[in-house]
Amino acid sequence: MSRTPTGARTKSAAEPLGLAFGLLLFAPIVLLGSEVGSWLRYPEIGSAVLYPPYALLTAALVLSPRRTWIWYAIVSSVAHFIASWPNWSISWILLADAANLARALIAAVLLRRAFRGQIRLESMDAIVRFVAIAVLLAPAAAATVGALNVVLHASTDQYWRTWTEWYMSNALTGLTLLPTLVLGVPLALRWRLVHANRARLAEAGLLIASFVVSGAVALLVPIGGRWHLALLLYMPVPALIWTALRFGTGAASLGLTAVTFAAIWGADRGTGLFLGASPDENVLVLQSFVVITTLPVLCIAGVSGARHGMLRLHRALLASLHDHVAILDARGVVLEINESWRRFAEGHHTTLFHQATVGDDFVGACRTSAENGDSGAALALAGVTRVLNREVGRFEMEYDDDQSHAHGRYALSVEALEHPDGGAVVTRADITARREAQMELEEQRLELSHLARVGALGQLSGAFAHELNQPLASISNNAEAARLLLRRKPADLSEIDEILGDILAADQRAAHVIRRLQALLKRGEARLQPIDAAELANDVLELARAELITRRITATAAIAPDLPLVLADRIQLQQVLLNLILNACEAMRFTVVAERRVSLSLAADTSGNLRFSVRDCGAGIEPALIDHLFEPFVTTKAEGLGLGLSISRTIISAHGGRLWAENNEERGATVHCLLPAAPTVARTSADQQPSRPNGLYSADVLPVEAGAQ
Amino acid sequence: MMASTRVSVAIVDDEESVRVGMRRLCNALGFAAVAYGSGLEFIDSLDAGGARPDCLLLDAHMPDMTGLEVQQNLVARSARFPTIVYTADDAPEAQARHLAAGAADYLRKPIGGDELLAAIDRALAAHALAPLMRRA
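As given, the protein sequences belong to chains S and Z, one line each in that order.
96 is the number of the first residue of the first sequence in our numbering; add one for each residue after it.
470 is the number of the first residue of the second sequence in our numbering; add one for each residue after it.
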């Protein structure tokens with residue numbers, strides 16, 4: 096057999112050596128196999144009980160590259176000739192060899208097609224495929240030709256009996272020796288056995304011993320026709336099932352092959368149970384016994400292999416997860432953890448709830464940590480208890496590890512196990528880096544939106560000067576008037592008093608303008624608070640009033656009653672609205688004065704969220720641009736960076752809302768904004784997660800850990 | 470100062486606090502001042518046969534009808550009194566536009582009492598001289 100694994104198509108320098116090595120190994124074995132085939136005959140029976148050359152050639156073909164097949168076929172034919180000549184005629188030998196080659200070819204081609212890559216018999220499906228090809232199809236095809244050969248050479252005229260003999264010996268080979276070779280040889284060539292641990296080797300030794308004892312007792316002890324001792328036939332079964340469960344299909348096949356050889360040997364030397372009838376019947380009974388034993392053992396091995404494979408897969412999956420995963424039973428005891436969890440638990444943690452490992456009571460650990468003042472553990476305790484009690488299916492929380500020096504932030508989720516016994520899967524992710532990145536991003540976003548706001552206010556500087564000049568003018572006029580009035584004799588003190596009142600009012604107004612400007616210019620942290628959108632809209636319109644007058648634009652506002660409050664940063668929301676109004680103004684630069692209108696509308700949508708729209712009567716948005724309008728540096732204006740709308744959308748998204756634009760049916764365009772209504776009722780259940788803003792404010796303000804109270 | 474009959478001044482400003490302050494200052498300076506909240510209100514009062522002022526103090530920056538539009542309207546109806554435009558803006562092109570439209574003067578807020586008095590005197594004098602200049 097070749098060293099080259101099945102299916103390898105690469106041509107390496109070592110290959111001729113591999114082929115030479117394979118043939119060197121194959122030639123004596125196949126010669127021996129042919130001889131053994133001859134030995135394994137009952138006297139007066141034309142065909143062997145078991146026919147090793149079938150398994151040997153098929154295994155060689157399955158395990159070696161296709162272009163080397165011809166050499167194995169030649170060696171096999173020569174061996175067959177040596178074993179048969181001069182007992183049989185040349186024509187018999189040639190036809191029998193043709194049948195042998197055809198059988199191995201059919202089996203090898205179909206097996207390689209059915210099992211891409213290495214053959215593994217670790218599922219029922221694989222076993223069914225293997226049996227169909229190597230036990231049913233290929234032996235049946237060979238038996239059809241082989242039986243014809245025997246009948247043609249007139250040693251018998253019973254075609255179907257001969258067919259059955261051929262078929263049974265090959266089927267038996269396909270069930271026992273073939274899987275042993277196909278599964279065992281690649282393993283042996285890779286010296287896998289050497290790596291087995293001591294306990295496993297000891298178990299294998301024990302198994303071999305039990306095979307020897309049970310095989311000897313069942314098949315090699317003379318029982319002298321006492322049929323009640325037929326029970327002895329069950330002796331090897333426990334060892335076979337043990338092998339199937341613990342060592343897989345290959346080892347089970349090896350055990351079955353050994354049992355088969357022992358049975359044949361016993362029959363040959365007149366021991367065992369297969370002696371009672373004519374030689375033909377004895378052989379058939381022996382073969383049937385082995386076939387009937389083999390099928391369930393192979394199935395057990397296959398199913399067990401599939402289960403082990405599944406378990407390996409699950410372990411690998413668990414191990415590959417970066418998040419820390421622990422599986423709890425219904426009482427909260429840790430059944431299994433993955434590598435990430437283990438490493439984390441072994442790290443330097445002062446809190447018990449982070450140290451829990453297999454066999455520990457996770458709920459108890461949470462309780463102890465919570466009692467020691469760990470707020471994260473207290474939240475986790477509440478959540479895990481609810482999931483284990485099946486009150487909720489899933490629980491999620493984020494917490495800071497304030498107990499250790501690492502000051503990490505973690506996301507913990509607990510998911511109920513779909514299992515009759517209950518239990519849960521706890522997953523913990525270290526989100527410290529993510530949170531830092533988020534905070535950095537938020538910082539940059541704040542910076543950018545501040546710059547944009549300053550830019551927008553720069554655009555309004557004329558309007559602000561006007562706003563401030565009005566009260567100053569009023570103060571100045573009133574003060575001058577008062578001074579002149581004071582010079583009169585007698586001075587009209589009541590009018591002067593009135594004037595002073597007006598001066599104070601104008602002063603207040605100037606201060607108000609300055610405060611508003613200051614608030615917009617300030618670079619502050621975002622602060623979410625419930626906002627009355629109607630009031631905010633009026634504020635912004637007031638802010639833009641002077642600019643609207645200068646641009647000769649009429650602004651109207653349709654504000655529906657009972658608007659929902661929204662949870663937002665006042666300044667940022669003002670900025671968005673101001674930006675949208677200024678954009679609308681800019682869009683109407685070339686519109687005739689009579690038609691310059693900005694319409695603001697605020698209403699609740701069907702799901703109770705706030706929807707506001709700013710509509711202009713400008714030229715509208717170019718269709719090619721409408722999808723890119725909110726991307727940075729996309730602008731329709733001659734001046735300006737094109738950041739306003741992009742920043743507006745970022746702000747609205749961070750508030751969990753949506754901002755989009757569309758052209759009006761008549762003229763101009765409308766920009767719409769949808770903002771979620773502020774939650775009014777405090778949630779009490781963790782599995783009813785709020786539709787919280789997906790932005791960056793959520794951690795500080797919204798009760799992410801809701802439900803843990 | 471002027472003769473025994475007081476010079477009448479009309480003020481048009483949409484901003485109430487400015488309007489009231491301006492009226493008080495003009496009265497204190499000895500003018501008989503009447504104030505209007507918009508250009509339209511003033512023109513309506515002229516059309517209704519209301520008193521024609523000796524001088525008009527006009528805010529440039531107003532909604533609906535801007536200062537410039539009031540000026541143009543007055544020119545169209547050959548109103549015979551000088552107009553002083555005042556504003557909080559300091560755009561030079563706005564000043565040029567208003568002067569070209571026939572404004573006697575263009576002042577920037579806030580306006581001091583002396584400044585206002587001088588401007589009104591100058592405007593009235595120029596207005597009184599105008600027929601002579603045309604005859605010459």
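What the hints contain is simulated information worked out from the structure, not anything from laboratory work.
A portion of the hints provided could be inaccurate.
What the hints assert, rightly or not - Over the 12 Å line for every Cβ pair with chain Z, so calculated as not near, a few chain S residues:
no.: 1; residue: 180
no.: 2; residue: 182
no.: 3; residue: 255
no.: 4; residue: 281
no.: 5; residue: 387
no.: 6; residue: 434
no.: 7; residue: 484
no.: 8; residue: 552
no.: 9; residue: 563
no.: 10; residue: 565
no.: 11; residue: 566
no.: 12; residue: 573
no.: 13; residue: 590
no.: 14; residue: 591
no.: 15; residue: 593
no.: 16; residue: 755
Claimed, not checked - If you want a taste of the chain S side facing chain Z, the calculated C-beta under 8 Å gives, among others:
no.: 17; residue: 554
no.: 18; residue: 555
no.: 19; residue: 557
no.: 20; residue: 564
no.: 21; residue: 575
no.: 22; residue: 580
no.: 23; residue: 596
no.: 24; residue: 597
no.: 25; residue: 600
no.: 26; residue: 601
no.: 27; residue: 603
no.: 28; residue: 606
no.: 29; residue: 608
The structure presented is a predicted model; accordingly, all values stated were derived computationally and were not measured.
Ideal Cβ positions, reconstructed from N, Cα and C, are used throughout, including at glycine.
We went through each hint and held it up to the structure:
no.: 1; hint: 180; verdict: holds (120 Å)
no.: 2; hint: 182; verdict: holds (123 Å)
no.: 3; hint: 255; verdict: holds (112 Å)
no.: 4; hint: 281; verdict: holds (91 Å)
no.: 5; hint: 387; verdict: holds (103 Å)
no.: 6; hint: 434; verdict: holds (72 Å)
no.: 7; hint: 484; verdict: holds (67 Å)
no.: 8; hint: 552; verdict: holds (17 Å)
no.: 9; hint: 563; verdict: violated (8 Å)
no.: 10; hint: 565; verdict: violated (5 Å)
no.: 11; hint: 566; verdict: violated (7 Å)
no.: 12; hint: 573; verdict: violated (4 Å)
no.: 13; hint: 590; verdict: violated (8 Å)
no.: 14; hint: 591; verdict: violated (10 Å)
no.: 15; hint: 593; verdict: violated (9 Å)
no.: 16; hint: 755; verdict: holds (31 Å)
no.: 17; hint: 554; verdict: violated (15 Å)
no.: 18; hint: 555; verdict: violated (13 Å)
no.: 19; hint: 557; verdict: holds (6 Å)
no.: 20; hint: 564; verdict: holds (3 Å)
no.: 21; hint: 575; verdict: holds (4 Å)
no.: 22; hint: 580; verdict: holds (5 Å)
no.: 23; hint: 596; verdict: violated (11 Å)
no.: 24; hint: 597; verdict: holds (6 Å)
no.: 25; hint: 600; verdict: holds (7 Å)
no.: 26; hint: 601; verdict: holds (5 Å)
no.: 27; hint: 603; verdict: violated (11 Å)
no.: 28; hint: 606; verdict: violated (14 Å)
no.: 29; hint: 608; verdict: violated (12 Å)
When held up to the earlier numbered hints, the structure conflicts with 9, 10, 11, 12, 13, 14, 15, 17, 18, 23, 27, 28, 29 and fits the remainder.
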